[in-house]
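Residue numbers (full-length UniProt numbering), protein chains in the order written: chain A, 1 to 382; chain B, 1 to 292.
Taking beta-carbon pairs under 8 Å as the criterion, some of the chain B residues facing chain A (in silico):
#, residue
1, Phe3
2, Pro194
3, Gly196
4, His203
5, Cys205
6, Val224
7, Ser225
It is worth saying that the hints were derived from the structure and are not from the lab. Ideal Cβ positions, reconstructed from N, Cα and C, are used throughout, including at glycine.
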Amino acid sequence: MQLSDTTEEADFRRRLREWLGKTLPELPAAPDPSDWPGRRAFDTAWQRRLFDAGYAGIHWPVDAGGRGATPSEHLIFLEETELAGAPYVGANFVGLLHAGPTIATEGTPEQRARFLPPVLRGEEIWCQGFSEPGAGSDLAALRTRAVRDGDAYVVTGSKIWTSHAEVADWCELLVRTDPDAPKHRGITWLAMPMDAPGVTVRPLKTLAGTTEFAELFLDEVRIPVANRLGAENDGWRVTMVTLSFERGTAFASETVACQREVRELARVARANGAWEDLELRRELATLAAEFAALWRLVQWNVSEAAANGVPGAGGSVFKLRFSEARQRLYDVAARVVGGEALLEGAWSAQRLQGLSYTIAAGTSQIQRNIVAQRILGLPRGR
Amino acid sequence: MEFRLTEDQHSLQRALRQVVTDRQPSWQELTEVGLFQLRVPEPEGGLGLGLPEAVLAFEEAGRAVLAGPLVGTEVAAAVLGLDGRAEVVRVPARGPVLVPELPTLDHVLLLHPDDSLAVLPAAAVDAAPAAAVDPDRPLWRLDGTPPPGERTPETRRVAADATLLTAALQVGLASRTVAEAVAYARTREQFGQPIGAFQAVQHLCADMLARAELARVAVYAAAVSGDEVEIAGAKLLADDAAVHGARDCLQVHGGMGFTWEARVHRLLKRAWAWEQAGADRERCLESLATRL
Ligand SMILES: Cc1cc2nc3c(=O)[nH]c(=O)nc-3n(C[C@H](O)[C@H](O)[C@H](O)COP(=O)(O)OP(=O)(O)OC[C@H]3O[C@@H](n4cnc5c(N)ncnc54)[C@H](O)[C@@H]3O)c2cc1C
Chain A
1 MQLSDTTEEA DFRRRLREWL GKTLPELPAA PDPSDWPGRR AFDTAWQRRL
51 FDAGYAGIHW PVDAGGRGAT PSEHLIFLEE TELAGAPYVG ANFVGLLHAG
101 PTIATEGTPE QRARFLPPVL RGEEIWCQGF SEPGAGSDLA ALRTRAVRDG
151 DAYVVTGSKI WTSHAEVADW CELLVRTDPD APKHRGITWL AMPMDAPGVT
201 VRPLKTLAGT TEFAELFLDE VRIPVANRLG AENDGWRVTM VTLSFERGTA
251 FASETVACQR EVRELARVAR ANGAWEDLEL RRELATLAAE FAALWRLVQW
301 NVSEAAANGV PGAGGSVFKL RFSEARQRLY DVAARVVGGE ALLEGAWSAQ
351 RLQGLSYTIA AGTSQIQRNI VAQRILGLPR GR
Chain B
1 MEFRLTEDQH SLQRALRQVV TDRQPSWQEL TEVGLFQLRV PEPEGGLGLG
51 LPEAVLAFEE AGRAVLAGPL VGTEVAAAVL GLDGRAEVVR VPARGPVLVP
101 ELPTLDHVLL LHPDDSLAVL PAAAVDAAPA AAVDPDRPLW RLDGTPPPGE
151 RTPETRRVAA DATLLTAALQ VGLASRTVAE AVAYARTREQ FGQPIGAFQA
201 VQHLCADMLA RAELARVAVY AAAVSGDEVE IAGAKLLADD AAVHGARDCL
251 QVHGGMGFTW EARVHRLLKR AWAWEQAGAD RERCLESLAT RL
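Construct the entire structure; sequences and hints are all you get.
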């Protein structure tokens, strides 16, 4: 067991730090969260800088245009960019972390050549059209229908909670191509251009008052068969393949950010007297211990992934503990800042956004089901 | 970075698991497998290994809920070069000073709140037997004022290592509670199905595992870094995983869990005892807060 950098890793870290130190001061101020065109421009410009410096798609394979970095280097990248206060992946999230890796793994040479370079260069934004009004936790129950018509699929249905839909160029879309097959076997993965006729995007206001996600209405949208990834009806497997791409690094930068936020809260608490409250102080101490341990769990999972190809300990264990600890962090923050928590501001925004962490990307209940059934081997109920 | 067990560490883990699984090995056996000599330098007859290896060994000891002055004996040998059976005893903020298994000990390592250490010959310790809740860990109550100690870099190491090794015991114990709960949930049937098929039971077990796994990597990392505050954090999480895990394990066992015959209560009683050993919760929290 070893936690320190190898010589190569230390070298990688040093160069990255130098580059960040030089580049970050040149960035424009971050746009207002409600300014979507501004956010798109900011996020893509950052991606372009990463690309020019050779840091785009750091964990993507070299033949997909990535840097082919080891999981450890990827982790160093996430840690250092977060520590330096670099922009978050933002609107590039789905392209870089889900749709892109899926195409890199399952795509034809033509598909890889068409779709991957624009993601790496920050030219095209992707969104993820999986969830539907009737298919959330039970994603495989999705009903958006695709019917083959010559060299195209004609797609009708609706999607919901689609993050970044307003600024996306492409949507990785899961559709039902065989309504008679068992639910996991009749699904197909399609790349849908967001400007295709028949696509309507209706932004949904979140409880924070912002429009982070949208509803998609699809009315006889024609999507070329050439945009299908993998075989017809093989979309479930195609989609799940990507999960291994993260190799334990999902939420790594957020874990670093939370450690920083705990320290920041301790500073605020010392300044405003909340530190004298024994209970609050100890809650902050507990959170410090948890996030430190969660960071170690990230390092553990990444090391296991580097050796075995898959992360150890189970991503579900991490997701469960991390999302709940993070929500607690913002509840403690509210107590530290007192009445400020009732006013709009950085901590209240975090607290509101935090409410989604136990829901998005698999609810905490679903994570517990996974841990109980797949890791502990408990039987399924009747 | 390569934060995973090496081949040697895996072998050590397997070897120890074999010795302790399903049986309580004698003190002699534990000594022979080198549990107390792991970190003693090779020229002095030890194995010359480090804290990570010691932590792996103590995790197995915790899983087997071994009795005896394990932590003190290891720390006395590794840090102070003392032979014989020893226990680290913290003078708590409140309540009596309790020494486990006093008559079997050679040394008592008495740690004061400021980490000053008094190394006492056990025979000279003035104490009376007290009725302990944990039937496998008899206790003696210290009479009079605890004698003062001194502070050296070594005494701080004694405090930190004792806390870490106790945390390792708790991690092993926490894993044991998960295993026992899952085994029972698979076989006990109600309403025509194993109780483990009920989601309420599944989610209890899932949370138990999540706490145990997080504590485990925290303890491993603290062993690698040796950092005192990281050790405090690891102990905090390990205590929670063990105590909370044992409570949930008892709940999963229903009425059976409330009996003397089922071993579940022994897991909980030991978790409570180890929670107070090394640095207790208050101490860990204050140490973490100081670093913030
Ligand atoms: C901020 C945010 C961004 C999102 N972005 C996207 C996106 O870009 N693309 C996309 O496709 N989706 C996105 N989602 C959707 C997200 O994946 C779903 O919300 C999530 O999977 C839960 O589905 P649901 O909302 O339908 O809730 P439901 O599945 O209806 O769940 C409701 C409640 O029932 C519980 N429940 C359901 N099934 C079980 C079960 N088997 N056992 C125990 N409890 C159960 C759940 O835990 C939950 O508490 C986003 C969601 C959020 C909040």
